Every structure is written in C-alpha cells, then in structure tokens.
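*Asks:* Protein chains in written order, with full-length UniProt numbering: chain A, 1 to 102; chain B, 1 to 97.
Careful, some of the hints might be misleading.
Calculated pairs, DSS-like style, for lysine-lysine (alpha carbon to alpha carbon, straight line, at most 30 Å) [claimed, not checked]:
hint: 1; chain 1: A; residue 1: K51; chain 2: A; residue 2: K14
hint: 2; chain 1: A; residue 1: K14; chain 2: A; residue 2: K89
hint: 3; chain 1: A; residue 1: K89; chain 2: B; residue 2: K29
hint: 4; chain 1: B; residue 1: K29; chain 2: A; residue 2: K9
hint: 5; chain 1: A; residue 1: K51; chain 2: B; residue 2: K55
hint: 6; chain 1: A; residue 1: K9; chain 2: A; residue 2: K89
hint: 7; chain 1: A; residue 1: K21; chain 2: B; residue 2: K29
hint: 8; chain 1: B; residue 1: K29; chain 2: B; residue 2: K55
hint: 9; chain 1: A; residue 1: K9; chain 2: A; residue 2: K21
Some, not all, of what chain B presents toward chain A, calculated at C-beta under 10 Å [what the hints assert, rightly or not]:
hint: 10; residue: Q41
hint: 11; residue: D66
hint: 12; residue: I68
It is worth saying that the hints were derived from the structure and are not from the lab. What you are looking at is a predicted structure, and each value in this text was computed from that prediction instead of being measured. Ideal Cβ positions, reconstructed from N, Cα and C, are used throughout, including at glycine.
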Amino acid sequence: MPLFYSFFKSLVGKEVIVELKNDLCICGTLDSVDQYLNVKLNDISVPDPDKYPHMLSVRNCFIRGSVVRYVQLPAEEVDTVLLQDATRKEVAQGKQPQKSAS
Amino acid sequence: MALNSLEPLVGHNVSVVTADGRVIVGILKGYDQTVNMILAQSHERVYSSGAGVEKVQLGLYIIRGDNIAVIGEIDEEMDGEINLADIRAEPLNTVVH
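Please put together the full structure from these sequences, using the hints given.
*Replies:* Spelled out as structure tokens, the structure:
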C-alpha cells in the first residue's frame, strides 16, 4: 500500500486544514482518503468566511486530491521519526544503488 | 475510501467548485473514478463583489473530473438560512497546478 495513503489513513478522525490550489482553505475532520489522496472532510469550516462564503451551505465535502496544495496536520498525531524511516525504507527498496560515473 | 463516500450523495443536492472557480449546484446523478460528474437540474451561483449571488439555470450537466476541485454536500437547512441576494464576495480563484 502506498506510504502516504496509509499515512493519511492513520489520520482519519483527526482535525486537518486542507489548502487548495485555488487558495481556499478548508478546515474539517478527516473522514476518509483514497488511493488518489482524494479526501472527504466532515463538519467543515472556512477560516475567512467573509472572503469565501461559497461553502456556507456545505457541512461535509469531498476534495479532489489533484487540487490539494497543503494539508496542515496536528503535530502531536504525527510520528515524524517513523515517517522518515518509512520514506527512507521505501527509497531503499525502490532504487538500486546508483553506479558512480567513471 | 473517499471515492465511495460519494455514493450516498447520489440523488442529493451537491455544490461543485470547478477548477475555473465556478460554483455549480445540482442533483448528483452519477460519477466515476476520475470524479466525472453528472448533475441534473443544475444552476450556477455567480458570486460578485458588486451584487448579490446570481443564479443561472444550466440544466443537465456533465463535468469532467479534471475540472473539479470540491464537491460539497448541501445541507438543505443551512442552505435555506442563507440569503444569497445578500452575499457579496469575489468569485473563487482558478486552480493553478
């Protein structure tokens, strides 16, 4: 299973802020995630509702993975050491050692 | 699966934010794994800073998944409380990949 897919799955139920590539930020509880890193958020709010009233009648939403710029995570829920080890392991498995040019 | 979570929305009113910043509201009739969407009895909600939100009737629409940013589940109660004519806001920005 892809690393970041399982990583996001471990954050289900947590509060996150998703910043989109159209600059809109959506805050909500992570409900689910899929292989494309599409996310579903529940009980959403927008930090600046006067500027962005477009989501006022929406409580739950689905965000297409391709338009996500950042996901702000609760720091206490992320084991960065574990994540770093996992990314290194993945790189080590995926790549053969580079031959040095002679 | 986030994609599967769209299934219960079929037959319900959804608000789709497109990559070019438009907001289209309609009844979700179907979707596929690239998030192409079919909306029935749809209308666009045109936001502008100079006037209230304008509704433009569109009818039956297919929106290609590539052009979709957000699909919001419209809460009819919350939607009923909002007076769109009073809302003034710049349109949403376009998605820049």
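*Asks:* Starting from the hint list further up, note which numbers the structure goes against and sort them upward.
*Replies:* 3, 10
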